[in-house]
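Each chain, written out:
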Amino acid sequence: MHRLSYKVFILRFIAFLLLSIAIISTLNIRNSFAGVELLNRSVELNTPLTGQVSTYFFSYTYTNTSADLGSVKFLFCANTPLEEDPCVAPSGFDATNAVLSKQTGETGFNIYSASANQIIITRNPSVPTNTNSTYQFDQITNPNAPGSYYIRISTYSSTDASGPNLEFGGLAYPIIPAFTVSTYVPPYLTFCVAVTIGGINCGSTNGDQINFGNFSSRSVSFGQSQFVVATNAKNGYSVTIDGTTLDSGNNEIPAITTPTTSIPGVSQFGLNLVANTNPKAGQDPTGPGIGSPSPNYALTNEYIFNPGDIIASAQYASDYRKYTASYIVNVNSSQPVGVYATTMSFICLANF
Amino acid sequence: MPSNKKGRIWRNFSRLSRLTIVFIFLIGTFGPSLDVSAFGEVTSRSIEMNSSAKGATNVTYYASFTTATTASLESIVINFCSNDPIIDDTCSNASGAVPTLPASPTVTVTGAGTGWTASSAFPTTPPTGCSSTGYVNSTLYLTNTTAQAVNASTAITITISGVTNPNTTNTSFYGRIFTFTNNVQTNATAADNYCPSGNNGTSGNLSALATQVDGGGVAMSTAAQITITAKVQEEILFCMYVSNVAMNAKASTATGDGGNCSGTGSSVTLGNQYGVLSSANAYTDVNTHYDIQTNASHGAVIAFTGAPLNIGNITTCGTSTANCIESSTASGTGAVATSSYGSTAGSPQFGFCTVAVAGTTANLIPQAPYDSSGNGNCGNVTQTSGTGTPTFPGDGGAYFGFNIAAAANTSTAHYYGSEFATFPNPGNFATGDIAFIGNISNTTPAGIYQTTLTFIATGTY
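As you go down the protein sequences, you meet chains A and B in turn.
Number 163 in this note's numbering belongs to position 163 of the first sequence; there are no gaps in the numbering.
Number 709 in this note's numbering belongs to position 357 of the second sequence; there are no gaps in the numbering.
It should be emphasised that the hints constitute simulated quantities derived from the structure, not laboratory data.
By construction, the Cβ of each residue, glycine as well, lies at the ideal position given by its N, Cα and C atoms.
Be aware that one or more of the hints could be misleading.
Only part of the chain B face toward chain A is listed, based on derived beta-carbon distances under 8 Å [what the hints assert, rightly or not]:
{"hint": "1", "residue": "Asn-410"}
{"hint": "2", "residue": "Tyr-414"}
{"hint": "3", "residue": "Lys-583"}
{"hint": "4", "residue": "Ser-618"}
{"hint": "5", "residue": "Leu-629"}
{"hint": "6", "residue": "Phe-781"}
{"hint": "7", "residue": "Gly-790"}
{"hint": "8", "residue": "Pro-797"}
{"hint": "9", "residue": "Thr-804"}
{"hint": "10", "residue": "Thr-806"}
{"hint": "11", "residue": "Thr-810"}
{"hint": "12", "residue": "Thr-812"}
A short, non-exhaustive set of chain A residues, derived as facing chain B with CB atoms under 8 Å [unchecked claim]:
{"hint": "13", "residue": "Asn-40"}
{"hint": "14", "residue": "Arg-41"}
{"hint": "15", "residue": "Ser-42"}
{"hint": "16", "residue": "Leu-45"}
{"hint": "17", "residue": "Ala-78"}
{"hint": "18", "residue": "Leu-82"}
{"hint": "19", "residue": "Ala-116"}
{"hint": "20", "residue": "Thr-131"}
{"hint": "21", "residue": "Ser-148"}
{"hint": "22", "residue": "Ile-176"}
{"hint": "23", "residue": "Tyr-184"}
{"hint": "24", "residue": "Thr-205"}
{"hint": "25", "residue": "Lys-234"}
{"hint": "26", "residue": "Ala-317"}
{"hint": "27", "residue": "Asp-319"}
{"hint": "28", "residue": "Tyr-340"}
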């Protein structure tokens, strides 16, 4: 008996010394806001530029559909969206003049108060439904420095955002500097003159002399040249012709000073800028640009030459426009013998 | 002091030392050594709980032990006590201090045959002196109408479901495991039943039960539950910047930017080394980049607002090209707002395309009409603006876009502006490249053209 008591004592001593620790610590990681969080929440700015007055468009879904909803608080912070942490107002941010311009879903709100970094909206309390709601605030001044900023949204049964909140949700949004793209478009004029010009631009020009051959009193002599104009001058262009009529020393072939048809046997020199049948020469202006011959030079089968005349023009900037000048020469039977020549100058003026 | 007394004291001290030396601290459950003179000692014994929280309900206890004796068993008992695991000690089993079991718990037995019936009911005919007062169903009786032959060194497991833990935390409690050759719960002979209080008969000694085969004690403990709370706040990182890096090469050759919004620059100039556009060929600029990262669970949308290059005094860029580098016909924008277009030299065009840099293509998805939409590859656009002798055409066959109407929207949400990329995978990072293109016609008015584009990133949490 004495031996048994001693054994019992020893066993009990051992049992007390043993630390039968079966600690199974369960790590319970949880989100402290699970189940009380506004869902599908976002904030959209129509201009996220530093210091600009912007519109803030909030969208979220209420999840607490059992308690009256009387007010919502929007708190703007520079440091964190976490409810427990102190809120540092963003520098330069100002919601004092915020206007609740639109609302959808749970509506009936108006602004209860608007301070530098907080807006409270209020309504007659009622139980919300689980639908997406949107609230648009105009006239909010963005923070004055680029970076990430935060908003804390809390809902309340009270009408002044007092007391415990029903739901909470955080948001983050970026403020960035403006981005610019620039370029320079210079004043631009393309003008070329040649006997013939391929296409409608100045890429292919040929010849700078017209040989009328031997003049006859019985038939007209004719020839042509071309010029191309293109410009971005907003007031368009004008083309002036300059020079003298055909002459040979003191002898000249008179210029046609008013639009006149070709009369073989009558000494004449003139031109126009349209298609003709008498003689069959020239063509109307071509190309995508605008512009047209001056009236006196736009008459079919009638020719004229007055040095200094504006023979073609456009009122606005014009893409490529090709003109064909048709020249006619007639001589009478008493025209003195000689080699008659002249130099025509075409001058284009772009009006910027 | 008499020498025999000294010797006895020394012997006791030696035994105590030896016993203490074999003492092992374990993390788990274990039981003390026993005097095996009356019955065998089950070995490798433990009882594991799937929850150590105080008062937890519907807890599963997994008991396992190895028999010491070959026998035909009709009862297996696990008695839960709050005082100690010593099997022939009185068992303290006050309410809340020990686990409680359902009256007929769900039990699974392996290694001990079949046909076991589980019950936590007080013995129908308890031994004399065995009181049911205060009993809280803290003893598991497994009984079998047919004795199950179990050899020595047999591993037996018993899984008990629906247990309620003791209601104090960080507190040890014990389980006493017994095997018997007869039914010790409903035996007609009172003295042959096992008393949950450990007091079997007036002798108070478990050894009064001659049918006991093996036994052993186990220790367990409730424990405080540790709660860890982590806060993850909403975040978004978004920036635009200029960096002299080719399209789709930024990830490896970034200069002046670490790919994490550390870049600078907020303007680009289209044109030759003097910033002059030409009607003979397009000029492209590929130095604009943007970074984005957010943990918004529904990702983010990237849009921009603004007008094409203009020299001001415009009312609707797209319907009037007088002061605007844009042409509905040549660009496919304006009236055909959503289509992209290839470069046409000599026609007024301003637009851009975007591409995610290699390694981030899964996280940044360009949107039409800024994604080249199957026409060429925006990533092939080369830099022809600026200094040097550019190699034309530079557009790489890519298509560009500028949705004038959408980009002009700053009053109707949502979303403001024209969307040009989406960020669908929260938590990741992406970098995008933007290639601008400028073409003019012969009639594009002379002047300094400029536009301010406002880029907007919106995350949905």
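Against the structure, the hints come out as follows:
Proximity of Asn-410 (chain B) to chain A is violated relative to the hint, the smallest CB-CB distance being about 15 Å (cut-off 8 Å). For the restraint placing Tyr-414 (chain B) at the interface with chain A, the shortest Cβ-Cβ distance is roughly 12 Å, beyond the 8 Å limit, so the hint is violated. A cut of 8 Å between beta carbons decides the hint on Lys-583 (chain B): the least distance to chain A is about 6 Å, and the hint holds. A hinted interface residue such as Ser-618 (chain B) counts as satisfied when its beta carbon comes closer than 8 Å to some beta carbon of chain A; here the least separation is about 5 Å, so the hint holds.
Checking Leu-629 (chain B) against chain A by beta carbon gives a least distance of about 5 Å; that is within 8 Å, so the hint holds. Because the smallest distance between the Cβ of Phe-781 (chain B) and any Cβ of chain A comes to about 14 Å, over 8 Å, the interface hint for this residue is violated. The restraint placing Gly-790 (chain B) at the interface with chain A holds, with a minimum CB-CB distance near 6 Å, inside the 8 Å limit. A hinted interface residue such as Pro-797 (chain B) counts as satisfied when its beta carbon comes closer than 8 Å to some beta carbon of chain A; here the least separation is about 5 Å, so the hint holds.
Interface hint at Thr-804 (chain B): satisfied, since its Cβ lies 5 Å from the closest Cβ of chain A, which is below the 8 Å cut-off. The interface hint given for Thr-806 (chain B) holds, since its Cβ lies 5 Å from the closest Cβ of chain A, which is under the 8 Å cut-off. Because the smallest distance between the Cβ of Thr-810 (chain B) and any Cβ of chain A comes to about 5 Å, under 8 Å, the interface hint for this residue holds. This hint holds: Thr-812 (chain B) has a C-beta 4 Å from the nearest C-beta of chain A, less than the 8 Å allowed.
The beta carbon of Asn-40 (chain A) comes within 6 Å of a beta carbon in chain B, closer than 8 Å, and the hint placing it at the interface holds. Restraint check, Arg-41 (chain A) versus chain B: the minimum CB separation of about 5 Å is within 8 Å; hint holds. Because the closest C-beta pair between Ser-42 (chain A) and chain B is about 4 Å apart, less than 8 Å, the hint holds. Interface hint at Leu-45 (chain A): satisfied, since its Cβ lies 6 Å from the closest Cβ of chain B, which is below the 8 Å cut-off.
The interface hint given for Ala-78 (chain A) is broken, as the beta carbon of that residue sits about 13 Å from the closest beta carbon of chain B, more than 8 Å. For Leu-82 (chain A), the interface hint holds, the least distance from its beta-carbon to any beta-carbon of chain B being 5 Å, beneath 8 Å. Proximity of Ala-116 (chain A) to chain B is violated relative to the hint, the smallest CB-CB distance being about 22 Å (cut-off 8 Å). Taking 8 Å as the C-beta cut-off, the interface hint given for Thr-131 (chain A) is violated, the closest approach to chain B being about 16 Å.
The criterion of a C-beta within 8 Å of any C-beta in chain B is met by Ser-148 (chain A), whose closest approach is roughly 6 Å, and the hint holds. At its closest, the beta carbon of Ile-176 (chain A) sits 6 Å from a beta carbon of chain B; the interface hint therefore holds under the 8 Å criterion. Taking 8 Å as the C-beta contact cut-off toward chain B, the hint placing Tyr-184 (chain A) at the interface holds, the least distance being around 5 Å. Below 8 Å, beta-carbon pairs count as interface contacts, and Thr-205 (chain A) has none with chain B, the closest being about 17 Å; its hint is therefore violated.
At a threshold of 8 Å, the smallest CB-CB gap from Lys-234 (chain A) to chain B is about 5 Å, leaving the interface hint in force. Checking Ala-317 (chain A) against chain B by beta carbon gives a least distance of about 4 Å; that is within 8 Å, so the hint holds. Annotation: interface hint on Asp-319 (chain A) holds; nearest CB of chain B at approximately 5 Å, less than 8 Å. Annotation: interface hint on Tyr-340 (chain A) violated; nearest CB of chain B at approximately 38 Å, more than 8 Å.
Comparing the model with each earlier hint shows violations of hints 1, 2, 6, 17, 19, 20, 24 and 28; every other hint is respected.
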